[in-house]
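Engineer: Based on the hints, put chain U in the right spot on chain X.
Residues per chain are reported as follows:
Protein chains: 2
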Amino acid sequence: MLTFPITEFQGRLAKTKQRMANAGADILLVTDPANMNYLTGYDAWSFYVHQLLILLIDEDQPIWVGRGQDASAAAHTTWLDKDHIIPYADYYVQSAERHPMDFVCDLLKGRKQDKQSIAVELDAYYFTAKSYMQLVQGLPNASFTDGTNMVNWVRIIKSEKEISYMKQAGKIAEKAMQTAFDSINSGVRECDVVADIAHAQISGLEDFGGDYPAIVPLLPTGEKTSACHLTWTDDRFKQGDPVIIELAGCYKRYHSPLARTAVIGMPSEQMQYVADCVVEGLNAALDAVKPGITCEELEMVWRKVIEKNGIKKESRMGYSMGLNYPPDWGEHTASLRPGDRTVLEPNMTFHLIPGIWMENMGVEISESFRVTETGCEILADFPRELLIKPNIRLA
Amino acid sequence: MLTFPITEFQGRLAKTKQRMANAGADILLVTDPANMNYLTGYDAWSFYVHQLLILLIDEDQPIWVGRGQDASAAAHTTWLDKDHIIPYADYYVQSAERHPMDFVCDLLKGRKQDKQSIAVELDAYYFTAKSYMQLVQGLPNASFTDGTNMVNWVRIIKSEKEISYMKQAGKIAEKAMQTAFDSINSGVRECDVVADIAHAQISGLEDFGGDYPAIVPLLPTGEKTSACHLTWTDDRFKQGDPVIIELAGCYKRYHSPLARTAVIGMPSEQMQYVADCVVEGLNAALDAVKPGITCEELEMVWRKVIEKNGIKKESRMGYSMGLNYPPDWGEHTASLRPGDRTVLEPNMTFHLIPGIWMENMGVEISESFRVTETGCEILADFPRELLIKPNIRLA
Numbered sequence: 001m002l003t004f005p006i007t008e009f010q011g012r013l014a015k016t017k018q019r020m021a022n023a024g025a026d027i028l029l030v031t032d033p034a035n036m037n038y039l040t041g042y043d044a045w046s047f048y049v050h051q052l053l054i055l056l057i058d059e060d061q062p063i064w065v066g067r068g069q070d071a072s073a074a075a076h077t078t079w080l081d082k083d084h085i086i087p088y089a090d091y092y093v094q095s096a097e098r099h100p101m102d103f104v105c106d107l108l109k110g111r112k113q114d115k116q117s118i119a120v121e122l123d124a125y126y127f128t129a130k131s132y133m134q135l136v137q138g139l140p141n142a143s144f145t146d147g148t149n150m151v152n153w154v155r156i157i158k159s160e161k162e163i164s165y166m167k168q169a170g171k172i173a174e175k176a177m178q179t180a181f182d183s184i185n186s187g188v189r190e191c192d193v194v195a196d197i198a199h200a201q202i203s204g205l206e207d208f209g210g211d212y213p214a215i216v217p218l219l220p221t222g223e224k225t226s227a228c229h230l231t232w233t234d235d236r237f238k239q240g241d242p243v244i245i246e247l248a249g250c251y252k253r254y255h256s257p258l259a260r261t262a263v264i265g266m267p268s269e270q271m272q273y274v275a276d277c278v279v280e281g282l283n284a285a286l287d288a289v290k291p292g293i294t295c296e297e298l299e300m301v302w303r304k305v306i307e308k309n310g311i312k313k314e315s316r317m318g319y320s321m322g323l324n325y326p327p328d329w330g331e332h333t334a335s336l337r338p339g340d341r342t343v344l345e346p347n348m349t350f351h352l353i354p355g356i357w358m359e360n361m362g363v364e365i366s367e368s369f370r371v372t373e374t375g376c377e378i379l380a381d382f383p384r385e386l387l388i389k390p391n392i393r394l395a
Numbered sequence: 001m002l003t004f005p006i007t008e009f010q011g012r013l014a015k016t017k018q019r020m021a022n023a024g025a026d027i028l029l030v031t032d033p034a035n036m037n038y039l040t041g042y043d044a045w046s047f048y049v050h051q052l053l054i055l056l057i058d059e060d061q062p063i064w065v066g067r068g069q070d071a072s073a074a075a076h077t078t079w080l081d082k083d084h085i086i087p088y089a090d091y092y093v094q095s096a097e098r099h100p101m102d103f104v105c106d107l108l109k110g111r112k113q114d115k116q117s118i119a120v121e122l123d124a125y126y127f128t129a130k131s132y133m134q135l136v137q138g139l140p141n142a143s144f145t146d147g148t149n150m151v152n153w154v155r156i157i158k159s160e161k162e163i164s165y166m167k168q169a170g171k172i173a174e175k176a177m178q179t180a181f182d183s184i185n186s187g188v189r190e191c192d193v194v195a196d197i198a199h200a201q202i203s204g205l206e207d208f209g210g211d212y213p214a215i216v217p218l219l220p221t222g223e224k225t226s227a228c229h230l231t232w233t234d235d236r237f238k239q240g241d242p243v244i245i246e247l248a249g250c251y252k253r254y255h256s257p258l259a260r261t262a263v264i265g266m267p268s269e270q271m272q273y274v275a276d277c278v279v280e281g282l283n284a285a286l287d288a289v290k291p292g293i294t295c296e297e298l299e300m301v302w303r304k305v306i307e308k309n310g311i312k313k314e315s316r317m318g319y320s321m322g323l324n325y326p327p328d329w330g331e332h333t334a335s336l337r338p339g340d341r342t343v344l345e346p347n348m349t350f351h352l353i354p355g356i357w358m359e360n361m362g363v364e365i366s367e368s369f370r371v372t373e374t375g376c377e378i379l380a381d382f383p384r385e386l387l388i389k390p391n392i393r394l395a
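The listed protein sequences correspond, in order, to chains X and U. First residue of the first sequence: 1, per full-length UniProt numbering; consecutive thereafter. First residue of the second sequence: 1, per full-length UniProt numbering; consecutive thereafter.
Mixed in with the good hints there might be a few duds.
The calculated label-pair distances, taken between Cβ atoms and stated as ranges, are [to be verified]:
1. Asp182(U) - Pro338(X): 51 to 57 Å
2. Ala288(U) - Tyr91(X): 20 to 26 Å
3. Glu359(X) - Ser143(U): 39 to 45 Å
4. Lys161(U) - Pro346(X): 25 to 31 Å
5. Arg98(X) - Asp207(U): 29 to 35 Å
6. Gln18(U) - Glu359(X): 57 to 63 Å
7. Gly310(X) - Asp81(U): 30 to 36 Å
8. Ser268(U) - Lys161(X): 55 to 61 Å
9. Leu107(X) - Lys290(U): 37 to 43 Å
10. Asp60(U) - Glu97(X): 32 to 38 Å
11. Glu160(X) - Ala21(U): 56 to 62 Å
12. Ser143(U) - Leu205(X): 54 to 60 Å
13. Gln18(U) - Asp106(X): 52 to 58 Å
Keeping only pairs whose Cα atoms sit at most 16 Å apart, straight-line, the calculated EDC-like set for lysine to aspartate or glutamate is [said to hold, decoys possible]:
14. Lys175(U) - Asp146(U)
15. Lys17(X) - Asp58(X)
16. Lys112(U) - Asp58(U)
17. Lys175(X) - Asp146(X)
18. Lys82(U) - Glu359(X)
19. Lys167(U) - Asp102(U)
20. Lys82(X) - Glu359(U)
21. Lys313(U) - Asp90(X)
22. Lys15(U) - Asp58(U)
23. Lys312(X) - Asp276(U)
24. Lys312(U) - Glu359(U)
25. Lys304(U) - Asp276(U)
26. Lys313(X) - Asp90(U)
27. Lys112(X) - Asp26(X)
28. Lys389(X) - Asp182(X)
29. Lys312(U) - Glu359(X)
30. Lys15(X) - Asp81(X)
31. Lys290(X) - Glu345(X)
Here are some chain X residues pointing at chain U (derived, C-beta under 10 Å) [said to hold, decoys possible]:
32. Tyr91
33. Gly138
34. Ala142
35. Tyr212
36. Glu223
37. Asp234
38. Thr333
39. Gly355
These are computed hints drawn from the structure, not numbers from a lab. Just so we're clear, the structure is a prediction, and the values are computed from it rather than from any experiment. Cβ coordinates follow ideal geometry from the N, Cα and C atoms, glycine included.
Same shape as in the complex, but just chain X (with noise of 0.2 Å):
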């Protein structure tokens, strides 16, 4: 089931131990659900209990840690010995007595990895403040450091191989977006629409079958349209509802993120505006994309186009993404915005999701895309426009 060679699983160990040297690191643990497959390939839904990675840098394999009855998954899914796949017992899930962590400090314990210097990723989702505290208590003579996106940033850049995933990703994406405008009608429900949208998103291509999405499709409509992150309801779409549609295609974790933005009937002037300043911004920055400007500088480039529109943007306008979990399929590392100097390489690999929310609607049109040698791929192939669904009920 391996998803990978073993020996690009191997590199991607040695570049996390060139960072851990670097950092003076003798231990990483791992717990961002994305990092752990990336480097064992570990997959499955088991990260709503704690779970890590422990990274040695003088052995060469990882150490899976997680509950028992996910260590056949770890078996299953991942190419380490099961030597290096180790269960704790159920009475540490979810109690208020026991701590798996007290578990993964008894086990450093018994390895004589105790005084050590051990890295940890303080920020990254399921890295629970409580996990810490458990860990600096039961480990009083080990250092700890921030080690948070230590794995993510080798993870910025593709191999060959993740970027035919995401490739695949971006097909899926595209035929979940035809199925998304196909099926956005006044009179339809909103979730019967998100459900034509999940069932394209999963079943995929048939040459290949999708993935779960690290974030479900969000479907902000009407005058919602200016709240991006709102999901759906059952209500139904009306003639001359605004639908910002944002969704991704995922193939074996990896993804390729898409929004657009459609109208049942005619947009409204403003809304038609907005749109093709969105495009005109985005076009521009694509065309900017190439290896050796930064990110800050690649943002400069939309945003120059949309002030000399009069619009303003205060978030940030893209992001790095590829493999990923719930609830995100951000990478954390590269944001294109000000201030960020990440300078573009290839096969680095980014979501421009240049939105615009107003008082009372938004519009968001995307793109994902890899950097090539001289300038960018988009992963999707979908009509870069504000979409006008006309009403064949009405009609």
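Structural biologist: What follows is chain U alone, placed relative to chain X:
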């Protein structure tokens, strides 16, 4: 868009404040998305950035703090006045230089609340170690205590309206499980079955639509039935495959989980035997449910049945559930296992999931129920047995 009357939210808040008072906390910071929803109605896929409620014991509304672009979702979905919705600037998001909790520290200082006793949800999803460290560092005159599960324990007893939502979720679960069973067959891809399940979950019924469950459908198949939290692949089902189907219906974020095990063709003798034992134990446990029994007593009823039949199970056999967000529909309060002396009361709601996972196979057959005045009421009506799928293609 409020899902409950304001008075119901106020009642929840009053109960929470009572717990704060008992714990000597002047302030409770609520980061668990389910708890945020429970107290205010807040509902958006924004928990991938730091956000929280500030409950001041003397103030009659919580203060919502989140990302600028999500303030609009707070206005749309909560009962809070505008001056209790406080957005932070986008440059706090996923930044190596700034942290949203710095904003929270400044806010509390500005309100002269920085010398208080502050309870935080130390072991809640999304409350990272870094969040806690920033708070402790930024508020040196405050004292911090553990408020983990403080709101969750209020949530454990459901109101009539919450129960009605969970029954609607149960109807969706019935439909989704029937869809799964109809769709599974040899030669069909796993992803296509899950696509059908997801469609049923989200589309819901004619009278009401579905919401996204906190966990995607879990569908371990064949030998992988020993690994309960695997999701799916695009492999095709084969004649003879056992398939575990664990899913939930979800309505307005309230869940009704349901698991069944199906076999495509004839089950092995071992599987039929284990399934019969599971059903026998499940029935015995359901018969024993009534107000006054403790969680561990209920677990013992089940344990005695299966041990009599020569089967051992180490993991807990159920847990309290209801309102939730990814990654878990469980409430992290009562667990049906040895040592848990929580006393069952009317309108507590549990997922009773006596899964048995062996070396090379597993069986899950579950029910969700509410405790009534005299016993229990099942939320979803579906045949409680090993499901045998006649293979019509080969018939």
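Engineer: Evaluate the given range 54 to 60 Å for the C-beta pair formed by Ser143(U) and Leu205(X).
Structural biologist: Holds - the Cβ-Cβ distance for Ser143(U) and Leu205(X), about 57 Å, lies within 54 to 60 Å.
Engineer: For Lys312(X) and Asp276(U), compute the direct alpha-carbon distance and say whether it is at most 16 Å.
Structural biologist: violated (64 Å)
Engineer: Does 25 to 31 Å hold as the CB distance between Lys161(U) and Pro346(X), or does it fail?
Structural biologist: Given a distance of about 55 Å, which is not inside 25 to 31 Å, the answer is violated.
Engineer: Honestly, do Glu160(X) and Ala21(U) meet the 56 to 62 Å range at C-beta?
Structural biologist: holds (60 Å)
Engineer: Does the CB of Glu223(X) sit less than 10 Å away from some CB of chain U?
Structural biologist: holds (8 Å)
Engineer: Per the hint of 51 to 57 Å, is the separation of the Cβ atoms of Asp182(U) and Pro338(X) within bounds?
Structural biologist: holds (54 Å)
Engineer: Against the 16 Å threshold, does the CA-CA distance of Lys175(U) and Asp146(U) hold or violate the hint?
Structural biologist: violated (41 Å)
Engineer: Sort out whether Glu359(X) lies within 16 Å of Lys312(U), counting only the CA atoms.
Structural biologist: violated (59 Å)
Engineer: Does Gly355(X) hold up as a contact with chain U if the rule is Cβ-Cβ below 10 Å?
Structural biologist: holds (8 Å)
Engineer: Falls inside 55 to 61 Å, the C-beta gap from Ser268(U) to Lys161(X)?
Structural biologist: Distance hint for Ser268(U), Lys161(X) is violated at roughly 38 Å.
Engineer: Can you tell me whether the CB distance of Ala288(U) to Tyr91(X) sits inside 20 to 26 Å?
Structural biologist: holds (22 Å)
Engineer: Hint check: Lys175(X) vs Asp146(X), CA-CA at most 16 Å. Holds or violated?
Structural biologist: violated (41 Å)
The structure is inconsistent with the numbered hints 4, 5, 6, 8, 13, 14, 17, 19, 23, 29, 30, 33, 34, although it conforms to all the rest.
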